[in-house]
Amino acid sequence: MSEDPSGWSLTESDPQVFTQLLRDLGVKGLQVDDLYSLDSSTLETLKPIHALIFLFKYVESSGSSGEGTSGVEVDPLENGVWFANQVINNSCGTLAALNAVMNIRPQASSNPDETVELGPELDNLRDFGAGMGSQDLGHILSSSPHIREVHNSFSKSSPFALDPTAFPDREKEDAYHFVAYLPINGILYELDGLRRNPIMHAPVEEGDAWLDTARETIESRIGTYPPGSLMFNLLCVRSAAIPRLQRLLNDPTTPAEVRFQLQDQLEHERTKSQRGEMENSLRRHNLLPTVFALFKAMGEKGVIGKAVEEARAKGKDRKERRAAKGEE
Amino acid sequence: MSALISIPAGRCHRRSEDSKWIDPSAEKGLLELSLEDDLLHLWWKSRVSGATEDELIIFPGEATFDKVEQDPSGRTHILKFSSSDQKYFFWFQRASKSGDVRAQVDINALLQDPSYTPGSALLPNPSTPQRNQERSWPPTPGAPRLSHPEPAPRAPAPVAETPTQVAGSSTAATGSMDVDEGQGSGHQEEMARLLVEWAQHGGLAVEEDARLTDVLSPANISQLLTSHPDLASSLTPLLPPGLSLPSNPTASDLIPILTAPQFTDAIASLDNALRSGGLPGGILRDLGLPESAGTSVKGFLDALIGLSKPEGEGPPASDERMDED
Chain A
1 MSEDPSGWSL TESDPQVFTQ LLRDLGVKGL QVDDLYSLDS STLETLKPIH ALIFLFKYVE
61 SSGSSGEGTS GVEVDPLENG VWFANQVINN SCGTLAALNA VMNIRPQASS NPDETVELGP
121 ELDNLRDFGA GMGSQDLGHI LSSSPHIREV HNSFSKSSPF ALDPTAFPDR EKEDAYHFVA
181 YLPINGILYE LDGLRRNPIM HAPVEEGDAW LDTARETIES RIGTYPPGSL MFNLLCVRSA
241 AIPRLQRLLN DPTTPAEVRF QLQDQLEHER TKSQRGEMEN SLRRHNLLPT VFALFKAMGE
301 KGVIGKAVEE ARAKGKDRKE RRAAKGEE
Chain B
1 MSALISIPAG RCHRRSEDSK WIDPSAEKGL LELSLEDDLL HLWWKSRVSG ATEDELIIFP
61 GEATFDKVEQ DPSGRTHILK FSSSDQKYFF WFQRASKSGD VRAQVDINAL LQDPSYTPGS
121 ALLPNPSTPQ RNQERSWPPT PGAPRLSHPE PAPRAPAPVA ETPTQVAGSS TAATGSMDVD
181 EGQGSGHQEE MARLLVEWAQ HGGLAVEEDA RLTDVLSPAN ISQLLTSHPD LASSLTPLLP
241 PGLSLPSNPT ASDLIPILTA PQFTDAIASL DNALRSGGLP GGILRDLGLP ESAGTSVKGF
301 LDALIGLSKP EGEGPPASDE RMDED
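If you're matching them up, the sequences are chains A and B in order. Yeah, the first sequence ends on 328 if you go by the working numbering, and it's all consecutive. Yeah, the second sequence ends on 325 if you go by the working numbering, and it's all consecutive.
For the record, the hints were derived by calculation from the structure and aren't laboratory data. Ideal Cβ positions, reconstructed from N, Cα and C, are used throughout, including at glycine. Among the hints, erroneous ones may be present.
Taking lysine-lysine and the PhoX-like style, the derived pairs with C-alpha atoms no more than 20 Å apart in a straight line are [unchecked claim]:
| hint | chain 1 | residue 1 | chain 2 | residue 2 |
| --- | --- | --- | --- | --- |
| 1 | A | K306 | A | K316 |
| 2 | B | K67 | B | K87 |
| 3 | A | K57 | A | K28 |
| 4 | B | K67 | B | K97 |
| 5 | B | K97 | B | K20 |
| 6 | A | K316 | B | K298 |
| 7 | A | K306 | B | K298 |
| 8 | A | K316 | A | K301 |
| 9 | B | K28 | B | K97 |
| 10 | B | K67 | A | K314 |
| 11 | B | K67 | A | K296 |
| 12 | B | K298 | A | K319 |
Ranges of calculated distance between the beta carbons of each label pair, as one might list FRET restraints [as the list claims (entries may be wrong)]:
| hint | chain 1 | residue 1 | chain 2 | residue 2 | range |
| --- | --- | --- | --- | --- | --- |
| 13 | A | Q246 | B | S233 | 48 to 56 Å |
| 14 | A | T254 | B | S227 | 47 to 55 Å |
| 15 | B | L245 | A | G207 | 52 to 60 Å |
| 16 | B | G242 | A | H268 | 18 to 26 Å |
| 17 | B | S84 | A | E310 | 55 to 63 Å |
| 18 | A | E309 | B | D85 | 52 to 60 Å |
| 19 | A | R105 | B | P241 | 51 to 59 Å |
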């Protein structure tokens, strides 16, 4: 696990958290996945992709001068972009997800499970906030009890602040910066809640072509940081996979050779979603009683002594290696 | 109206009108900053009554929020006005001290510039905490606070306001850490003092090389359940509903769940809490462990090791011990 217990735990930027978050906010027909590569064969299995969420943090505090981004700041209202500023600091991930999905156009489908829509809650929010500035939209989001509740529900497993008003994740989340990239009205935008305005990058063609432009933009941004000074991860917001795969498999006109592949993908999506549901249940539950019960059982069964010795040896080892490194 | 920042914190009061001593009050509260009509409000709310008990309007740059160096626990902070001699004291009440520096930096930066985004200023280098006092002035949000070489007109040290530390540190295992509401008010100050000491004690705890995540590693969890399948029935009720488990889950049903990364996170947070301030004795008591188990990782592990030794004299009472190895 992470060497630094106070840092953002990787599981929190887990795509399954985002998927569930959107679902809990009433969004239909979308899911979030890790994107390990931007090459066309990886993208092919994930299409259609509606938005990318780029999350990163500086390993060293060297990134002070350049913001690392190109593009032009534009007024969101004039350009038909829904854009909220980040006004409180425990909301970065949720805000980036909302900035992305609020700009994804609803898509009706003959298969109701493949319909993409925001759902009544976010639709209302959109109507209510029509014509408002980004700062105000940020305040509306941050004061929505439901959004806040959903957001916080994923960090219950480590309830170390013993009172509910202390959010132990605040520091964790701060470490990462979340930026959404997506095409809106034929233009690739970068939506970073910490910037005053959306950043307009380039015109893009209909369909999936925007992904190429987005890849170039993100890669050139990564290139502006000294090698090794940036940790990042890329997520994609895509159409829900399982309903589409099921439809294709039920469709008698789907060629047999493709079926095999689709069946594979369906299997993969199901396993992933089950695993995600299990992990999300754990995130939403105080795991400490179970942890204590396990520790106690180790004590009562008399196996703790050996485990502690091994852990101490490991810890000493770690310390010595660190010391050796420091002397170099 | 949403707050710009909200930190669990209690107040500290002067012992008397012009006393040099201040005592932390045990009452749970929240220190919040908020922007209303373009004015920065600072308020302190009781978490017991929910009532806002202190409210101040502060103009940018008019006040500073700093750690009180005289308090060895490091949790007491002073809100000091440059325009007057008003001073207010607060102590951070989060379970872990790990976010205290961040909270101090954020609050202070917001006082200088209400448009500051909490979390964005760099923290002072933790390896040189003493240099804290050489801060740049006024602090520039986002700029490294130690990077300004010019001597800063450092806020006069609040020499007078040494927070109370009971002389001769009593042991941390007093167990009086429950500062829950409903205690006699005479007790509260004493308890709050003990709490400060307890936090202090946790900060100075003996370093333990073993990490809890290595002790209760996924491999050890699997092994424990495999050799003691009877544990499954007592662990299952502690797990969240909705895991689609069979009605009588076996050890092998539970292992994939108990070794999920969320458990490692929870164990790491327990390790972190024990290292950065300890746990209130009451929690440990409820678990049937001595309160000393809550003072440090070592105390916790020692208490667990103690469980495998038979109480009093006589041969080991349980056969389970025989299963070992």
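We went through each hint and held it up to the structure:
1. A:K306 <-> A:K316: holds, 15 Å
2. B:K67 <-> B:K87: At roughly 13 Å apart (the allowed maximum being 20 Å), K87 of chain B and K67 of chain B satisfy the hint.
3. A:K57 <-> A:K28: The hint is violated at about 30 Å.
4. B:K67 <-> B:K97: With a Cα-Cα distance of about 13 Å, the restraint between K67 of chain B and K97 of chain B holds, given a limit of 20 Å.
5. B:K97 <-> B:K20: Between K97 of chain B and K20 of chain B the Cα gap is close to 26 Å, so the pair fails against 20 Å, i.e. violated.
6. A:K316 <-> B:K298: holds, 14 Å
7. A:K306 <-> B:K298: Cα-Cα ~15 Å, so holds.
8. A:K316 <-> A:K301: Answer violated: K316 of chain A to K301 of chain A is near 26 Å, above 20 Å.
9. B:K28 <-> B:K97: holds, 16 Å
10. B:K67 <-> A:K314: violated, 36 Å
11. B:K67 <-> A:K296: At roughly 39 Å apart (the allowed maximum being 20 Å), K296 of chain A and K67 of chain B break the hint.
12. B:K298 <-> A:K319: holds, 17 Å
13. A:Q246 <-> B:S233: 48 to 56 Å: violated, 37 Å
14. A:T254 <-> B:S227: 47 to 55 Å: holds, 49 Å
15. B:L245 <-> A:G207: 52 to 60 Å: violated, 44 Å
16. B:G242 <-> A:H268: 18 to 26 Å: holds, 22 Å
17. B:S84 <-> A:E310: 55 to 63 Å: With Cβ atoms ~59 Å apart, the hint holds.
18. A:E309 <-> B:D85: 52 to 60 Å: holds, 58 Å
19. A:R105 <-> B:P241: 51 to 59 Å: This hint is violated: roughly 37 Å between Cβ atoms.
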